[in-house]
Amino acid sequence: MDLSFSAEELAFRDEVRRFFKEEYPKDLLEKRSKGQVLSKDDIVRSQKALAAKGWAAMNWPVEHGGTGWTATQRYIYEEEAAAVDLQPLVPFGLSMVAPVIYTFGNDEQKKRFLPDILESNVWWCQGYSEPGAGSDLASLKTKAVRDDDHYVVTGTKTWTTLAQHADWIFCLVRTDGSGKKQEGISFLLIDMKSPGISVRPIITIDGGHEVNETHFEEVRVPAENLIGEEGKGWTYAKVLLTHERTGIAAVARSKRSLSKIKKFAAKQMNGGLPLLEDETFRRRISEIEIELMALEMTDLRTLAAVSLGGAPGPESSILKIKGTEIQQALTELAMEVSGYYAMPFIPESLEPGWNGDPIGPEEAVGTASKYFNMRKTSIYGGSNEIQKNIISKAVLRL
Amino acid sequence: MDLSFSAEELAFRDEVRRFFKEEYPKDLLEKRSKGQVLSKDDIVRSQKALAAKGWAAMNWPVEHGGTGWTATQRYIYEEEAAAVDLQPLVPFGLSMVAPVIYTFGNDEQKKRFLPDILESNVWWCQGYSEPGAGSDLASLKTKAVRDDDHYVVTGTKTWTTLAQHADWIFCLVRTDGSGKKQEGISFLLIDMKSPGISVRPIITIDGGHEVNETHFEEVRVPAENLIGEEGKGWTYAKVLLTHERTGIAAVARSKRSLSKIKKFAAKQMNGGLPLLEDETFRRRISEIEIELMALEMTDLRTLAAVSLGGAPGPESSILKIKGTEIQQALTELAMEVSGYYAMPFIPESLEPGWNGDPIGPEEAVGTASKYFNMRKTSIYGGSNEIQKNIISKAVLRL
Amino acid sequence: MDFSLSEEQILLQDSVVRFVQDEYEFEKRRKIISSEDGFSRDNWKTFAELGWLAMPFPEEMGGIDGTPVETMVLMESIGKGLIVEPYLATVVLAGGLIKEAGSPAQQEELIGGIVDGSTMMAFAYAEAQGRYNLADLVTTASQQGDGWVLKGSKCVVLGGPSADKLVVSARTSGDQMDSNGISLFIVDANASGVSRRNYTTVDGNQASDITFNNVSLANSDLLGAEGNALPIIEKIIDEATAAVCAEAVGAMEVTYQASVEYAKTREQFGVAIGQFQVLQHRMVEMFMETEQTKSLLYLAIMKLAEGADDAAKTVSALKAKVGTAGRFVGQQAIQIHGGMGMTDEMSVGHYFKRLTMINTLFGSVDHHMKRFAQLSD
Amino acid sequence: MDFSLSEEQILLQDSVVRFVQDEYEFEKRRKIISSEDGFSRDNWKTFAELGWLAMPFPEEMGGIDGTPVETMVLMESIGKGLIVEPYLATVVLAGGLIKEAGSPAQQEELIGGIVDGSTMMAFAYAEAQGRYNLADLVTTASQQGDGWVLKGSKCVVLGGPSADKLVVSARTSGDQMDSNGISLFIVDANASGVSRRNYTTVDGNQASDITFNNVSLANSDLLGAEGNALPIIEKIIDEATAAVCAEAVGAMEVTYQASVEYAKTREQFGVAIGQFQVLQHRMVEMFMETEQTKSLLYLAIMKLAEGADDAAKTVSALKAKVGTAGRFVGQQAIQIHGGMGMTDEMSVGHYFKRLTMINTLFGSVDHHMKRFAQLSD
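Chains A, B, C and D supply the protein sequences, listed in that same order. If you count the first sequence from 1, you need to add 495 to reach my numbering. If you count the second sequence from 1, you need to add 495 to reach my numbering. If you count the third sequence from 1, you need to add 24 to reach my numbering. If you count the fourth sequence from 1, you need to add 24 to reach my numbering.
In case anyone wonders, no lab produced these hints; they're calculated from the structure. Since the model is a prediction, treat every value here as computed from it, not as a measurement. Ideal placement from N, C-alpha and C gives every residue a C-beta, glycine not left out. Treat the hints with care, as some may be off.
To be verified - Taking beta-carbon pairs under 8 Å as the criterion, some of the chain A residues facing chain D (in silico): (1) 789; (2) 792; (3) 793; (4) 883; (5) 887; (6) 891; (7) 893.
The whole structure should be built from the sequences, with the hints applied where relevant.
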């Protein structure tokens, strides 16, 4: 057991630092440091810069353009990316549909879709959830009826994140209504420009427009866009869900937020003293800090286990649960530091590039919105209750 | 809405104070104030003193010797009793079997049993739980087979508190094994001196001997000791369980413990300052104090509702849950104040009348044992999980 | 001891419940919030007609002599309806201060205007550096000639945008944190030197940051005795805190009940999610927390009504509990509603947001826990 | 970075597991605790033979050069078996101090005795007024002639009853709370003026309150430099804290697993209680808390092993987590076991008691949370 980095690993860290200092677009880092929301174009530029360096696809096999990094390299990269507050990758293409395509797709599909995902030429979104099916994903109803060499898709998907930007959507659809509900599900890739698709924005409690309801009205999808076998979509999706859980600990990002909150609390006064020096407040900070130290090690232990063999086990549900609890606790803390200035709402501050006058200290802007928004993290990606069911069944064998 | 006491109520309070100062046995109050455990004889003396004053039976109807107090009078009495740290009544006779006898027993049973209970001439214990049946009380197996004018009882009861002192036991027994499990249960009163009864001590994790396993080996019980109808025992027991929940908030006692802990913490030093002045510790105290203030009002609201009409509703489960949470938190706090001196174990300190040299401050003696012992409160009397099931079903209608 | 409402109090309760039913259906509320004023002046007139604006004032000031119990009854229903009209700012805060400290002339003019609905007011007390500490003031009023000159800034003044008149706390002597040397002034919101930055708060209410740039005040604008305002401010903020806690209890009740109803109908895995024991127990906890908070509310209100020595301590206990219990109930309501709880369309998120902001208003949990400990010694 | 054990470490782990299986079945343990000594001298001999007593010492002192990782491996298994032989007192605490600060002569004599099992020791550091603060000392040693005179009392000295020799911290200069002026002494446990009140602790271990009534010491009894002992004490207490946390993690693992097994077989209402979702999720939380604590254990052990600057801070983080997580796991294990969990007969209560006492040992959660915050600046 030891924590030290090898000489190669230290060299890698230098290379990552150099990249962010010299190659990655400076203006994007500046916007982030000012707390501005990046536009669609900005996000694409950011991802393309990483792709150009070969760093866009951390999880992919090397043959398809993956980095081939060890667990330690990933850890180093995440730390450095958090240090510059790098815009997070939009996960739907790179982390979600791509693993399904390279694992279960045919050669033609791989050739057709993977390069554009790798280079962020195509924006993907996810069509899993439906208004009736939340945590009970498998009860989905969107129908895909085979008609010659097409599927005709009708139904509604919800919580389609950033569908307003998307070129393609990957969907779970029902191709068979008889039998066990998991067995009639297929995995379909659909061009968002297809006639019959409409996207309705859903405004969330933080005031933002991040998610949508996406309607399919007899949308014709070429049968060649089916991944793997008809009726096996559930199996593919489950593999993907485990992949989704590994990145979700968000340790490096949470460390960064924590340190920002500490700086903010050092400036906010309470009874003539910086809030950071208040024993009660400090205790609250320390509790989160310690939980985060623990989670970082749990994450590393999981990564190490993964690098020894295959996919992360059900233990990785811990990462989802603890990771989101910490993220939520941090937004709550930021709001606490803001005091009365958590209350003002500046709708424009949620728009890309907003650079207006803050009300109160700039660190306070949007803290309440962020807090409201982050409540989603214990709901999506398999609610934390579902994660506990998974651990109960798969780990504790209850 | 108002909190004030009427002139009559203030006079009543004076009378209670006078009673404890002048009439109630002084030596018993002294033993309690030194933290000594009272002997069986002491406990009986204490209860007889209350009975002589007519104050032994708070819940009983006046016709059977009850106090006839209003909700406010009960509150006043409890406050004053806690102020002198009065030995709590042993509940099995006065609060548990008596309500069943005066509600469901026949005239002869009332005449035979109630006066001895009222005057603490007879010590009762409770035979409900069985090794196989914990929270699932109705699955009990102790058999009572009718044989002419007797029942022959065979089986094992467990957690029979203070059975080592008991003259009589009231039991739930199975008189019919067919049909729904609740329907074959009868309520039987059994003389502990009957041949075939044996009592085995159960030592608990705190090192004390409070509970027992009580075995019945073909014990012959006169049929006249059956309460109400054969097979209706479950109904009677359920009524009793609700009665049990009302006293269980233990607000006045918890207020007293809290104030003792504060005094103890004012004497214990930490870094040159009294622990009580430590911000973090004080916060912990305050949290319990506020929860207790709330519980006191919840208790009073429940009592007020009861005095307007009949038995307490399922809402009274709150009193059990919050009351025991607070009691447990207080024992945890006392242990925290004790510091290293929570660790020594003096087995003799659990014996009646022990007056030996403490190890460390006398307030620290037995704090760990008390903490361990009080874990029982969230288990017995219907575990707190069961209480939540009750509220879920009966209040929220889920 | 008596925990029941009087007949008149029950009638008052009924009238607010009816108003919410008739005039505050969720879509109507949404329109009110997105209107120019951010609240409805018609509703304000209705409040005046129903006597709500006269509630806490003595009869001789044109009021109807309500106690903190009446305010509680009203505010609890305001919380159930998520009413955004600035009742707290005008009636409880500004009105309370004038009732407490005003000269007969001030009372006649200003309380008269409040009662008939013609004058809206706000209390500007908080400052950026002061956090929740009412005595931590850098806004100053210095004597000049016959009057005063007011200089400084106040933050997040509830009801600021619609206020015709402001009550402003300012330091007339002493150092930044001194208890002594604090005075109150009545300031015309449109006076020269007063500038407001108005905004909506995240829970759909209206507030302003206000700057006072050498605002000239007459001596008659002083409210109460010079330099001795802190105890009065503390008393009225305590009353307002209890009032907003009553609002929170109303909101908590709706929130947990909405969750229970949702859980009964929302199906997952072939059963209503209310069948899952984990959610059942959580809703039981939401119910218990609401009941415990309500108990503290009754306690604090009765202590305020009888002017008890430990009223302030009880208010801090209540406010701390509202903070933690309100957060728990709100967060879990969203969790139980799942994705739907995250949408602006459903009302539950709006209750959650209001409960979150109530935690901040007049001091967060930590602030009141410390005050509770101090007042317990 | 590497989170795996070496082959030798795995062999060590196997040997302790085997010892617990063969020699520490629950009834055997009960007999050991109720024996005269409260532990087994035969087992102590076995420890010596297996090389456990030599573990952390350098080869030149007759040891086998183990790192904190080896101590962790050993202590985790000690926790799983609830072993009561005073390994911590003799080897980790007293042995650690002598290894760190002893003269070659002291090391040869005392570590030699520890390694071959002939000398048992204890470290007397805590004082009643000092709570968990290592520098808060009123026990004094004053120079007298060629030697020293020791005066004062120490509380809850683990392993005190069986100790042949004691290491005692005492003030040789400075005021009660000064960091400077603290020294360590080797004291014969049977020396004139030393009196012990021996007792069992609630978790079945042995401890003493010890009074030093003008005990005469030679100059050669001074351990390390005069007046500069605090950093050494802190270092060794940190190592011992991490060791006892490893023990806690072992105990937590057994405790949650025992609960899971019990829940699978215990039936209520016609089903195994492990079918109730509320209990399932609670056991998941017990599992998660144990895993998170184990993560911090690994972190702290590796930091100690590499002598990192933030090792002490990490140890405090670990100890605080052991306190809260150990309490949660222990309390819930009792709750899940129901009435049976309350009985002395079942082992689960004994794990609960040990976890409770580990929270107290070397400082409770509050103490270590404050230390963590201080060390974070």
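Structure-inconsistent hints, enumerated in ascending order:
none
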